[in-house]
Amino acid sequence: MSLVPNLLRGAATLLLLTTGDAQAQTDAPVAPPAPADSQAMLLWFLLGALALVVALVALLFTALVIRLRPQLRRIYELPTVRGSWSGQVLGLLVGDAVLVRGEVRDEILDHDYDGIHEFDNDLPPWWKYSFYATILFAIGYLGYYHVSQSGQLQGDEYAAEMQQAALLISADADDPNKLTTYAALTAAGDLSSGKSLFVTNCAPCHGVNAEGKVGPNLTDEYWLHGGEVNHVYKTIKFGVPSKGMVAWKGKLSGKQILQVSSYLLSLQGSNPAGAKEPQGEKEAPTKPVAKL
Amino acid sequence: MQVEPLPPVVAPHPPLVPSTPARAVDTFFYDNKIVRDFGVATVIWGIIGMLVGVLAAFQLARPELNMGTAYTTFGRIRPLHTNAVIFAFVGNGIFTGVYYSLQRLCKARMFSDKLSKLHFWGWQLIILSAVATLPLGFTTSKEYAELEWPIDIAITLVWVVFGWNMFGTIARRRERHLYVGIWFYIATFLTVAVLHIVNSMAVPVSFMKSYSLYAGVQDALVQWWYGHNAVAFFLTTPYLGLMYYFLPKAAERPVYSYRLSIIHFWSLIFIYIWAGPHHLLYTALPDWAQSLGVAFSVMLIAPSWGGMINGLLTLRGAWDKVREEPVLKFFVVAVTAYGMATFEGPMLSLKNVNAIAHFTDWIVAHVHVGALGWNGFLTFGMLYWLWPRLYRTPLHSKKLANTHFWLGTLGILFYALPMYWAGFTQGLMWKQFNAEGMLQYPNFLETVLNLVPMYYLRGIGGVLYLSGVFVMLYNLIKTASAGTLLTDEKAQAAPLLPEAQDPHAQGGHWHRWVERRPFQLAVGATIAILIGGAIEMIPTFLVESNVPTIASVKPYTSLELQGRDLYIKEGCSNCHTQMVRPFRSETERYGEYSKAGEFVYDRPFLWGSKRTGPDLHRVGQKYPHSWHYNHMLDPTSMSPGSIMPAYPWLFDNDIDYSTLPKKITVLRDLGTPYPAGFEQQAVADARRQAQGIVAELKKEEIEVKSDKEIVALIAYLQRLGTDIKVKPEQVAATSAE
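Here the protein sequences line up with chains A and B, keeping their order. Under the UniProt record's numbering, think of the first position of the first sequence as 1, with each following residue one higher. Under the UniProt record's numbering, think of the first position of the second sequence as 1, with each following residue one higher.
Treat the hints as calculated values from the structure; they're not laboratory data. Only a predicted model underlies this, so the values are computations on that prediction, with no experimental measurement involved. Some clues are possibly wrong.
To be verified - The list that follows gives simulated cross-link-like pairs (lysine-lysine, DSSO-like), each with its CA atoms no further than 27 angstroms apart:
no.	chain 1	residue 1	chain 2	residue 2
1	A	K282	B	K698
2	B	K33	A	K276
3	B	K699	A	K282
Claimed, not checked - Which residues of chain A face chain B? A few of them, derived with a C-beta cut under 8 angstroms, are:
no.	residue
4	F119
5	P125
6	I135
7	F137
8	E161
9	Q163
Claimed, not checked - Beyond 10 angstroms from chain B on every Cβ pair, some chain A residues (computed):
no.	residue
10	D37
11	M41
12	L43
13	R73
14	Y76
15	R82
16	L90
17	D96
18	L142
19	H146
20	P176
21	T181
22	A187
23	P204
24	E228
25	P272
Each residue gets a CB set at the ideal place from its N, CA and C atoms; glycine is no exception.
Given only the sequences and the hints, what does the whole structure look like? Please build it.
Now the structure itself:
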């Protein structure tokens, strides 16, 4: 996959080196190092030039082959050429389909099975060489992963993936003991997204109006794990596995968790129908937040 | 394909020794009645199997089609569909074709009419017993090997009858050499026998319950060695044999290349057997076994395509006939579908493709291209070709056969394209992270609901395909009633001379020598198919480092064991996997990835192969008991919009403790370290644990009796995947006590 760009990059560097040298000789005073932008520009320019040159060469070569086809064909038809490897390459160039399809002689064998006869045609070369290619692939594959051990097997692959992902998360974001210091959100937009997140994710256990079902009532002043916004945030994020509260980290983003927490606090004292009996400690209501 | 004009086929070379004096010619009769019987069974079971398939397809779009009874839920219906289509439809299809072609290729009547009858009725009885037992929940849960041990024994016996009849016929043949079709029949017979016996090894607990001889990773390896090669040697090799007979017959053209048939036969059977582990990529199977699965799957492309090329190139010079003759149209699509599926298979075996496709509907699409296209269309073509010959009258209507062809082709497209789309979409949705490093679709259900329109389309595809089969049924009935069955078809052939006197029995290519010797051919094929399996299985069983043990992993409690058997009975593993793969997208969603050592007490393993619902390996302790209670009673109460069926009977049925002591004894004999005498306390122990769960549910205002099945199932679900969460110090503390 990355072979072609790498090759191109290598070639470009080579070009850069040679032209760079020439420049250094002509410009006596040392020029300040070019800013990164213009270097990148130069690289792309050179890559473009290289691609153009390659395309031109390919075009010329094709034109040459087409133009000289009758002559090439005559050379190809020489018995000494035809049998050789280079002759076969020549054959592909002049478009001898037999090299790909195989010679179809249709020589019939003396087999007769209930009227079914059999030809003894050659294995189609394209088939035969694909078979060889897959065998080489298999050998290479096993060698790459298990003999030279150059490839990452699933354990290493996973470790690398997690290492990469770890860069996305700040160091202490995953410490349940470290309480956050957010203030409850009050913007209507945040509360309404908090509400829709609540309805899709939390309502099955806590009820559509947070009146409590399997999980506790979240509209009263009684809290099992603290009613301050950062406590609610923590409970949602890390869950309370022993009591069946699911950890939502990884499923909801930090912002979404804060939106849900803020929405919940906005429901304080809403007294929905069918409210579950209080559970936990009574806490003075935290500062009232905007109603929807 | 090439369309260059071909010289007319000349008759084969004149007989090698025209001077031999005319020999006495035997007159004998081919048994056509048995062919007709198997053909009728093929059609009937095909219709039943496909009807069940259509039902299962629509159940995924509309959960109320599970009909609220235990016997009709998806978990029990899906194995019925797969078994009916593979073993009843394709199975009878194989026997139809083999009984017709083998007699003619051997120039002999089937060895014994009694064995033929025994084979026919034995096979139908086995299918009937599957139809009866699978909806009742008697299942081993091992895919395509769900039938319980008494039926497994019956299958073995009937298979022996088939082999006996086949080899008997071969032994009495009047044709010196075995045609390529027969090589494939022989390889099929031997390999299926080996696969079935090894994979079905189990210790019975009661009349319809057994525990697998293998556990966890080893069970998975054996199962997918079997599962993959059931595809290879039940759905592929016998049908290649049929193709080699019926395709040149219908096209009236010689087979393209004899030497290609030799090379692709031997390479196919040798390489196929290794590829099983590609069903277990990124699982707890050791890496080296996975890599062997990948490497050999890629090498399978050419041997598989050898069959396709030999089929399609045989049609050179007959393409004008293909336009006219529905039989050949069916064959062309069948062989093409075979080529597509056998190219796709190796691509799906590449780990980076597999990471997206595995566990999704992509795989369902893939197998249906094979089943509907290759097996289905080859069977239909064969039946359209056979019926006029059996009934000595032209086919009732070519037009209707053409209608069938187009209905079937459309059906395949309507089935496969939505499923490819669904699989690809869902595979990517599972893996998608957003810019904040969170899963884009953390709610699994969202990825499922997205597919429901595709499930409708797939169901419509199934209906189209099935309606084509009804058209065929009508056409075949009309053909049969217009003619009369030629039950015994007269034939004449000279008996074989002793080998020394037979000029045909001398010389030739070395492979000709093998073709004269069925025994050596069978031995060679057996060796070819044993190597791959042995190299993969023996080290996995014997080398300890392949399944590293984890000290904190303990056997299931007796109640959890009961719950696990309910999980098996209800067919939960048809939709839920228990295998968290080592991807960030899976460990974020489910928790720590699954380790080989966690499954050492799992008999059978329950890794599953399709995630219609989320993975359950880490579901233990994730939700309160009440969540599971409510969810099993009405899944939509906990997951609004869920397509999972409800399981109300688990709340009425009592846990069956009668076999529990025996289960404990059997598992201990197999190596699970239950303490001596535990079987006597097992029931009391289970009741105690059940009381605990009931007490906890009571706290949440749920009243349930402790002897109901739901309690056992909750116990099992809450245990799943939790053993490795125990801290090592705790283990040390408990073992020190």
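Hints and how they fare:
no. : hint            : in the structure
1   : A:K282 / B:K698 : holds, 24 angstroms
2   : B:K33 / A:K276  : violated, 73 angstroms
3   : B:K699 / A:K282 : holds, 20 angstroms
4   : F119            : holds, 5 angstroms
5   : P125            : violated, 12 angstroms
6   : I135            : holds, 6 angstroms
7   : F137            : holds, 5 angstroms
8   : E161            : holds, 5 angstroms
9   : Q163            : violated, 10 angstroms
10  : D37             : holds, 25 angstroms
11  : M41             : holds, 28 angstroms
12  : L43             : holds, 28 angstroms
13  : R73             : holds, 20 angstroms
14  : Y76             : holds, 22 angstroms
15  : R82             : holds, 22 angstroms
16  : L90             : holds, 24 angstroms
17  : D96             : holds, 15 angstroms
18  : L142            : violated, 5 angstroms
19  : H146            : violated, 6 angstroms
20  : P176            : holds, 16 angstroms
21  : T181            : holds, 19 angstroms
22  : A187            : holds, 19 angstroms
23  : P204            : violated, 5 angstroms
24  : E228            : holds, 24 angstroms
25  : P272            : holds, 18 angstroms
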